[in-house]
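Protein chains in written order, with the numbering used here: chain A, 1 to 391; chain B, 1 to 139.
Fair warning: there could be bad hints in the mix.
[Said to hold, decoys possible] Under the rule of at most 25 Å between Cα atoms (straight-line distance), these lysine to any residue pairs were calculated in the SDA-like manner:
(1) A:K196 x B:H75
(2) A:K170 x B:H74
(3) A:K170 x A:G317
(4) A:K170 x B:P76
Simulated from the structure, these hints should not be mistaken for laboratory data.
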Amino acid sequence: VSPRPALREAAAIAGIGQTEFSRNAGRSELRLACESITAALADAGLEPADVDGLVSYTIDPVEETELTRAVGFEEIAFSARVPYGGGGSIGVLLHAASAIASGAAEVVVAWRAIRARSGSRFGAARTAPSATSAHSGTTAMQWCTPYGVLTPASWMAFNCTRYMHQYGVKSEDFGRAVVQLREYAAHNPNAWGYRKPITLQDHQDSRWIAEPCIHLLDCCQETDGSVAVVITSRERARDLRQPPVSIGAAAGAALFEQEIATDHYRPDLSVMDGSVALARRLFDGFGYRREDVDVALIYDAFSPILLMQLEALGFCGLGEAKEFIADGNLALTGSLPCNTHGGLIGEGYIHGLNLVSEATRQLRGTAVNQVPGAQVALVSASRTGAILTRV
Amino acid sequence: VSAQTPARPAPILTEDNALFWDAAAQGRLVAQKCARCGALRHPPRPMCPHCRSLELEVCELSGRGTLYSYALLHHPQHPAFEYPVLAALVDLDEGIRVVSNLTDVAPDQIRIGMRLEVHFAPTAGGGAAPVFRPLGSGS
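From just these sequences and the hints, can you work out the full model?
In structure tokens:
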């Protein structure tokens, strides 16, 4: 992997915004996106007329033309979408930084708007692809539907069971991660899990979703809401309202035979090898060291993939995440404070973009569970990711 | 599956995957085989990812394999299935992997690495899905 000096620290996050996170937003995804985007622009001290780039996920239901005429953007020069569902979520930073580094755009808005609780729930039994999106897990669905394998939890359970088998991991090992996430969430007023910490026994007593790997409390919280991020050049960000957060590195790694949300046909499902490749690009490709990371934000749709990413990203050895977590390394006092807002499990599932907003708060020094003096944040959605730094 | 349980959902058919499901409806387990380099591939796709040939043959498989991974699915529940659903990833002896179900085995007897053989379960729409049971457990 060659270094990518053109992208390294070319762009910066200048603004973040979000709606409330709830179980029933009671308004459209388009409206939610309008609210989070204008909040993010206000945070940055920019106007809609400053925006010339739009980036989201292929699965997001909000359409660029509707958004442009609602918010009042004047001239969009660059627009792009990232595939792979939530695994692609951090790819919005790669798209935005690439557009800015190349000169294709100057101020890019990335958004995700979702009614994952009151609308189409990922945890519901679906036997037909979405009518509105070809990017809703169809590659897995066409092989899984006749077998009752109908949800992301059931698609990923195969990987999780194999991981447990390979390394002797127990459900309690996943539970210890969840207890930590819920401890963080208990202090986060925006979190679904605010003031609702759990014990390991609560985790073990929650009902099975997919045995032997996923209890109910291993699952992220399907949530309604929107998050938006404003990205511009590092130079321009310096003159704006907030302390800029530099995009030090941004990369993706989608491998042969991976599907949207699944990779059943990869040779070894006990390793998230897309994340191994992602880490090689982020760390080796951009010249960062794992030991420089002060806080990690890791996509936790289900707790087992948090452990598997910790290993694949190289923060511990293969099969060692259970001890890494039991030793307290994910806590504020540990070597790698992780998902300090509570993660997608504790805060809510805005499909990964709320990992970016929390990383930004950590590097600004404004997080509710603040890592003192945090300078470098790693954000991973398994096959897309970024390293963010305090300027 | 009891008489009251509706048939499992019909597969989602595409121009590129129909050969697998058409064969399954006839009680045959098949994979695509590249007519040029001989590589087997699953899921089906129009081009050989190894030699880029568009020429393919349909390869009949032995129907025997090994359990690579599994899960007992409890939630959500769909009326076409009995719960927990015994979901399986099966490594076929020919070197390809398929998503399927286990039958004729108690959940606490499922072991990664157990030997399996194919049989067929009806789907809605008059088709069939390949499913697997412990090798030698069939009548």
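(message) Can you confirm whether the C-alpha distance between A:K170 and A:G317 stays at or below 25 Å?
(response) Status holds; Cα separation ~17 Å.
(request) Verify the proposed pairing of A:K196 with B:H75, using a straight-line Cα cut of 25 Å. (result) Holds - the C-alpha atoms of B:H75 and A:K196 are around 23 Å apart, at most 25 Å.
(message) Hint check: A:K170 vs B:H74, CA-CA at most 25 Å. Holds or violated?
(response) 19 Å, holds
(message) Please verify whether A:K170 and B:P76 have alpha carbons no more than 25 Å apart.
(response) Satisfied, since the Cα-Cα distance of roughly 23 Å is no more than 25 Å.
No hint from the list above goes unmet by this structure.
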